[in-house]
Amino acid sequence: DAGITQSPRHKVTETGTPVTLRCHQTENHRYMYWYRQDPGHGLRLIHYSYGVKDTDKGEVSDGYSVSRSKTEDFLLTLESATSSQTSVYFCAISAGTGAFGIYFGEGSWLTVV
Amino acid sequence: GENVEQHPSTLSVQEGDSAVIKCTYSDSASNYFPWYKQELGKRPQLIIDIRSNVGEKKDQRIAVTLNKTAKHFSLHITETQPEDSAVYFCAASIKTGNQFYFGTGTSLTVIP
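Line order of the protein sequences matches chains A and B.
The numbering used here applies: residue 1 is where the first sequence begins, and numbers increase by one.
The numbering used here applies: residue 1 is where the second sequence begins, and numbers increase by one.
These aren't lab readings, by the way, just hints derived from the structure by calculation.
Heads up, some of the hints might be wrong.
[Said to hold, decoys possible] The calculated lysine-lysine pairs, modelled on PhoX-like cross-linking and capped at a C-alpha distance of 25 Å, are:
hint, chain 1, residue 1, chain 2, residue 2
1, B, Lys57, B, Lys95
2, B, Lys95, A, Lys70
3, A, Lys11, B, Lys95
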């Protein structure tokens, strides 16, 4: 398995509180991604990064922000968590453009109550 | 952005039979099409992929086909086994930006 670590793996938080999920890779891959997975929706891209301090929005970015200050770390922040953000969050990495696979971390289960 | 549609959403087959999952994509700039298998509570894992300059690729009991003209690609699993039971996702990637867009998944059940 690719060297991807997500933390925390499970978290329960209250509505309105900020939450940060961390993704750490040891592969030195350029591209990093945050996806959320919900029943009936598959995997939806939240934000992605194509280099240090280079990030862009995905298809469901509202309510989320990201930061990448080092190649190995990609942080996802929910500024003010809502119940609709209860989900499983997957970090993923990719080596390059086009025909390279994307590899997922183990996931972070977030419940907003 | 790219739109990937996947069918069927659920599929049940008898052990030993074949299973086929189909996906369509919208953006002709997509040039790479991976397939992922996700077991319950686990991460999605890459099982096979195909590039836009190839029409078919096979790996043991799994094969993928790509029709660029029609913008659709399919996963074929032959001689299915109970351990093939999982959710399968197709994806399409556009070289520019290296973004990956996923289908909504197919839950495959192989009945012993």
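**Message:** With the threshold set at 25 Å, check whether the alpha-carbon distance from Lys11(A) to Lys95(B) stays at or below it.
**Reply:** The hint is violated at about 35 Å.
**Request:** Please work out if Lys57(B) and Lys95(B) have their alpha carbons no farther apart than 25 Å.
**Result:** 20 Å, holds
**Prompt:** Is it true that the CA of Lys95(B) sits at most 25 Å from the CA of Lys70(A)?
**Reply:** Roughly 23 Å separates the two Cα atoms, so the pair holds.
Going down the numbered hints, you'll see the structure goes against just number 3.
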